[in-house]
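Since the structure of chain X is provided, determine the placement of chain V on it from the hints.
In order, the protein sequence lines correspond to chains X and V. Going by this note's numbering, the first residue of the first sequence is number 6, and it counts up by one from there. Going by this note's numbering, the first residue of the second sequence is number 108, and it counts up by one from there.
Take the hints with a grain of salt, since some may be wrong.
[To be verified] Here are a few chain V residues that sit away from chain X, every Cβ distance over 12 Å (derived from the structure): (1) ASP206; (2) THR257; (3) THR361.
[Unchecked claim] Quick list of simulated restraints, FRET-style, between CB atoms: (4) V:LEU216 - X:GLY229: 37 to 43 Å; (5) V:LYS253 - X:ILE128: 31 to 37 Å; (6) V:THR218 - X:THR176: 35 to 41 Å.
Just so you know, the hints here were simulated from the structure itself, not pulled from any lab data. Glycine included, each C-beta is placed from N, C-alpha and C at the ideal position.
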Amino acid sequence: MKKYLMFFKISFENFLEYRTNLALGFLLKLIVFTSFVFIWTQIANEGKTIYGYGLSGIIFYYLCTQVLDGLYTSQAAKLLRDSILKGNLSNNLIKPFCKPLYFMFIHFSRIIAETLVHIILTIPIILFNINILNNIVLNTNTIIQFSISAFLSAIFGFNLYFAIGLISFWTTQAYGLQMVVKNASRFFTGDLIPLDLISYSFRKYIMLTPFPYTLYFPIKALMGGFPVSDFLYSMKIILFWIILFIIVNYFLWKKGLKQYEAVGI
Amino acid sequence: MKLWEFKKQIHRYLKVFFRLLKIELMTSMQYRLNFLFNFIATLSWLICELLFIHYFMKSYITLAGWNEYQIGILIGVNQLWVGGVFYFMFWPSLTTFADMIRHGEADKLFTLPVKTRFYISTFKTDWTSLFISINGLFLLIYCIVKLSITLSFLNTLYCIILISLSSWIIYCLFFITVCSVFWIVEAGSILYFVNVVDTLTRYPYEIYRRGIFFFIFTFVIPITVISNVPTRALIGILDFKFVLYEIIITVIFTILSEIIWRKGLKIYESYSS
Numbered sequence: 006m007k008k009y010l011m012f013f014k015i016s017f018e019n020f021l022e023y024r025t026n027l028a029l030g031f032l033l034k035l036i037v038f039t040s041f042v043f044i045w046t047q048i049a050n051e052g053k054t055i056y057g058y059g060l061s062g063i064i065f066y067y068l069c070t071q072v073l074d075g076l077y078t079s080q081a082a083k084l085l086r087d088s089i090l091k092g093n094l095s096n097n098l099i100k101p102f103c104k105p106l107y108f109m110f111i112h113f114s115r116i117i118a119e120t121l122v123h124i125i126l127t128i129p130i131i132l133f134n135i136n137i138l139n140n141i142v143l144n145t146n147t148i149i150q151f152s153i154s155a156f157l158s159a160i161f162g163f164n165l166y167f168a169i170g171l172i173s174f175w176t177t178q179a180y181g182l183q184m185v186v187k188n189a190s191r192f193f194t195g196d197l198i199p200l201d202l203i204s205y206s207f208r209k210y211i212m213l214t215p216f217p218y219t220l221y222f223p224i225k226a227l228m229g230g231f232p233v234s235d236f237l238y239s240m241k242i243i244l245f246w247i248i249l250f251i252i253v254n255y256f257l258w259k260k261g262l263k264q265y266e267a268v269g270i
Numbered sequence: 108m109k110l111w112e113f114k115k116q117i118h119r120y121l122k123v124f125f126r127l128l129k130i131e132l133m134t135s136m137q138y139r140l141n142f143l144f145n146f147i148a149t150l151s152w153l154i155c156e157l158l159f160i161h162y163f164m165k166s167y168i169t170l171a172g173w174n175e176y177q178i179g180i181l182i183g184v185n186q187l188w189v190g191g192v193f194y195f196m197f198w199p200s201l202t203t204f205a206d207m208i209r210h211g212e213a214d215k216l217f218t219l220p221v222k223t224r225f226y227i228s229t230f231k232t233d234w235t236s237l238f239i240s241i242n243g244l245f246l247l248i249y250c251i252v253k254l255s256i257t258l259s260f261l262n263t264l265y266c267i268i269l270i271s272l273s274s275w276i277i278y279c280l281f282f283i284t285v286c287s288v289f290w291i292v293e294a295g296s297i298l299y300f301v302n303v304v305d306t307l308t309r310y311p312y313e314i315y316r317r318g319i320f321f322f323i324f325t326f327v328i329p330i331t332v333i334s335n336v337p338t339r340a341l342i343g344i345l346d347f348k349f350v351l352y353e354i355i356i357t358v359i360f361t362i363l364s365e366i367i368w369r370k371g372l373k374i375y376e377s378y379s380s
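Isolated chain V, as found in the complex:
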């Protein structure tokens, strides 16, 4: 493909993407009360999580060498990708896709003049999930101020790049999970697997360094890198071998998700229609 053709394609996809965002925003704004409830729900979730960390740290001072505010930064970074990317776009789009497969309504998605994988990953957005990111950002700023950390431009840049990689890993992981609907149709609880991964990423990875779990949480489900590595980049304690590892994991999950997607498409039979 020539360069100008590639640029044209990118421009076209961006146009579709922003049009979809606009439609979803207009739909969301019809339910203003829902906005309010979602804001309170995400805020109350975060407050409960912080109360836990606060009372836990009050008794034990540190967890694997991390103090209350450092864990606060870890949770803040986690909330950035959870609300800003995952629940904003991938969760609503892909769960809707899984529902459509189950009810035999997915056929029309495969006939659209855009890449199906792109469309099914972006066609639904939940604008209220941005509250999760906003809460996370405030928490992040508060903890950084409390720790008197001076953020360098380079560390912030590393953190942003690594959050993007982590978001992509989570997307691929969730995409693979959702692809299970091609084989088992009624995926049900399996779809919540990524929510569990999200929970596990909120704590310092040192606590998972025990026996078989170290292997599972590092090489099978890369929990140890997802929120931890960007956080360490931000506060300047990053070990660069983890960056390399995160890049390798990203490539592996990208290839794996594409293989599973293609295999799934081959056996898709338009159930129940």
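Chain X extracted, bound-state conformation:
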């Protein structure tokens, strides 16, 4: 375990080394966030009701989507793809550690570094409108629900992107597939609109996919949480998807290694 913690530490420091770039990236995301603020402010100004949120609630929701954005996205696909295509994976294969675990610890170090930078940069916005914090409901229930759902979101994000990275054993086109997944999931994660604002008939199907549990669910947990039975039911769904991806990844890794030639492309 010690060596993995060392990977975590080195990688964490490495991410913070490029903090200016991280910060700039987040500031650009904040400009996109302002477009949502404008849209919903316009709605509020027209005297229309934002069901279940109110203007402050919906702005807080979108702010959280930007801050927690790193939870679900992972560099695992890119790291793995690069190491397979350039043949660098060979260096790691002869070293005494579990390769998928190595990638997972790097994934978590990136999440923590990125989220920290995001939180620090969000402070001025919060200070500008301190009332926005009233949307957070802090009690044991919400803290537990948020922590568990955020953790599972990160685990799922890693496994999903790791699977995409593993495709590089067979094709050089894994980047295209990554873009497909990234683009297709934008709506279903709740990144564009809170999922409780869309019709139930559609939402009940979306909730069976893993995507709502990566962003929408942790944010809603922070904003008041769910009844325990609903929460447990949702966690069963995301756990099912995580286990499924772990199994798929296990077989992809085994099969992929068999045909890996370490030529470097």
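Chain V alone, transformed into the frame defined by chain X:
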């Protein structure tokens, strides 16, 4: 320069341009699976965006007086220049140029017997980005049919001219951003600034008319004119003072980008080579 010399120059540059396009198309066709993935990726992006607009409009009917199909036209027009010009040519060429500067590989570009600015803006193309435009065109046609708008020749012509101006503004804006590599080398996230501008242009400009943001989004980063003005021309609700404003902005950004480019070239030191 005499007229025939000018014609000869234009002919020469067009020849270079089409040769580059052909080379890039042949390169792209080597990766057919990439074509498929890019098509699915752009389509899924658009579907998600439309789902957002659909569910949003289902609850609120209009946004700043624009209904679902009018916003659909706005997104369609946006996709035309985004896919047909920006991601097709300027994005791949200029980001490659920024990479070459960073790795000290750009020297050879300055020795070619063509204008460097022309070459670095056109030497790479991403043919798969045309799917973005095709999707946008279908969306545009669908929304026009739904709204039963009869397109007049003049409105369509205005729209095409204004899309060209908007594309040029975006090009200049991106070119200025890329020129930052002469000063800071590791531009990183700054290069994505134009993607943010692209996102903001997809909504009616009335929503940005608030306090300081009105000033910023109109006079500093001209978000309010880029997709909005061509769309308004197409559906026949154009205020001509915005056309004048778009022309002024185009001239200003053209001059500004040229000044920054020349200043950048002066301090270029061929880093890391």
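Hint check results:
1. ASP206: holds, 15 Å
2. THR257: Non-interface label on V:THR257 holds, nearest chain X Cβ at 29 Å vs cutoff 12 Å.
3. THR361: holds, 24 Å
4. V:LEU216 - X:GLY229: 37 to 43 Å: Violated: the Cβ-Cβ distance is about 56 Å, outside 37 to 43 Å.
5. V:LYS253 - X:ILE128: 31 to 37 Å: Once the Cβ atoms are compared, 45 Å apart, the range 31 to 37 Å for X:ILE128 and V:LYS253 is violated.
6. V:THR218 - X:THR176: 35 to 41 Å: holds, 37 Å
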